[in-house]
Amino acid sequence: MNDGANYQELSRRYGFAPKPESASRLTQLVARQDADVDEIAKVINKDPALRARLLRAANPEAENEAEYAVETVEDALMRNGVGCALVLAMGTPLALALTKTFQTMLSIKLESIDRFHAEPLDGEHMLGTIGFSGKVVGKVYLRMSRSSGQSIAAGVLGLAPEELNDINEIRDVVGELLNIMTGNFKSNLCDAGLDCRLTPPDVKLTSDFATPVERGSGLERMAFRAGKISLFVDVIANPWNDD
Amino acid sequence: MAVKILSVDDSRTIRMIVGKTFRPYDCQVCEAGNGEEGLAVAAREKPDLIILDVTMPVMDGVTMLTKLKEDPELKTIPVIMLTAESGRDNVLQIAKLGVRDYLVKPFKEDQLIEKAGRIVSLQKKPAAAV
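Line order of the protein sequences matches chains A and B. Residue numbering for the first sequence follows my numbering, starting at 1 and increasing by one per position. Residue numbering for the second sequence follows my numbering, starting at 1 and increasing by one per position.
No wet-lab data here; the hints were simulated from the structure. Where hints are given, some of them may not hold.
[As the list claims (entries may be wrong)] So the derived list for chain A, only partly shown, Cβ under 8 angstroms to chain B, looks like this: (1) 7; (2) 111; (3) 209.
[Claimed, not checked] Calculated Cβ distances over 10 angstroms to all of chain A for the following chain B residues: (4) 24; (5) 26; (6) 30; (7) 31; (8) 63; (9) 120.
What you are looking at is a predicted structure, and each value in this text was computed from that prediction instead of being measured. Each residue gets a CB set at the ideal place from its N, CA and C atoms; glycine is no exception.
I would like the entire structure built from these sequences, with the hints used as guidance.
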């Protein structure tokens, strides 16, 4: 039995959830380096959610679809580079891992919302950062209010929010949630041949909202909401790192 | 006699969740924050089951599992991997080393109980003792 068949057999035995097929295909395609825009566009065009996210990212100033200046997947890829397709492919498992983590560990159903219509964070907030390096380099940023962090951490630990005031415990839980989210998409990257390692998560209180993006890197910004909890996720990635 | 379970994870959060998960059962849960500590606690406590993370500082879970399987005193202790890592190469390597089961984070406490219950006999404590 080859490795692929072995892995399928082990996935069944251990009860792994299936991975999103279009995102896996897209990651494999981008990882090849020689894939052309048409091949990548074909995969994205087959998945309405991926297509919508790419066009949303390619039209950052637009309030709605009617205002889109970039209207096709091919144009978006030509303008933003193929790297943005990788970020797109990574965003899918990341968003799935985040919503699954909240559903599984907190019984909270997170709803993905348009970042531009989300109520922004104000002043000091919690920022969790985790980096990945290898054949693809980048960072994931997770932001939330301190009160959101407190109620999430309390939920994970089975406590009432008022029982949890230690910022270090809240930071530890937020760091672990970030670890779980990124561990899931790291597996997808490695399976596509983009081997990389994660840095330990860093969680702090900050009033800095900047997400530094290096030239050539792709950026995807996502937002999620459940009741009073709002989460903001930025993914930055630069594929084909030769270091 | 209480079932002895060793939770090896660098995240205090996960160790706390594992402890909470087994609290209703007649279990004694001990902890370690990395593979090196995990081997030392395993040698001292001789647990009935080890629940092991992969990515940890000092010594990762794959190295700990390799050393555990090389040790004649410890090699028969069953191991459940509890990790966010489900990449093909990792899973194949870990399966070859020999684990009884594999649970991908995020997980429900019920899933951990179900998998552990297939390996060790979990008895509920009387309600007053929980």
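Results of checking the hints against the structure:
Interface restraint check: residue 7 (chain A) against chain B, minimum CB-CB distance 5 angstroms, threshold 8 angstroms, status holds. The closest approach between the C-beta of residue 111 (chain A) and any C-beta of chain B is roughly 18 angstroms, which is over the 8 angstroms cut-off, so the hint fails. Nearest Cβ of chain B to the Cβ of residue 209 (chain A): about 26 angstroms, over the 8 angstroms cut. The hint is violated. With a minimum CB-CB distance of about 12 angstroms to chain A, residue 24 (chain B) clears the 10 angstroms threshold, and the non-interface call stands.
Every C-beta of chain A lies more than 10 angstroms from that of residue 26 (chain B), the closest at about 20 angstroms, which supports listing it as non-interface. Consistency note on residue 30 (chain B): stated as away from chain A, and its beta-carbon is indeed over 10 angstroms from all of that chain's, at 19 angstroms minimum. No beta-carbon of chain A comes within 10 angstroms of the beta-carbon of residue 31 (chain B); the shortest separation is about 14 angstroms. Taking the minimum C-beta to C-beta distance to chain A, about 15 angstroms, the non-interface status of residue 63 (chain B) holds against the 10 angstroms cut.
Distance to chain A confirms residue 120 (chain B) as a non-interface residue, since its nearest Cβ pair spans about 18 angstroms, more than 10 angstroms.
Hint check: violations occur at hints 2, 3; the rest are consistent with the structure.
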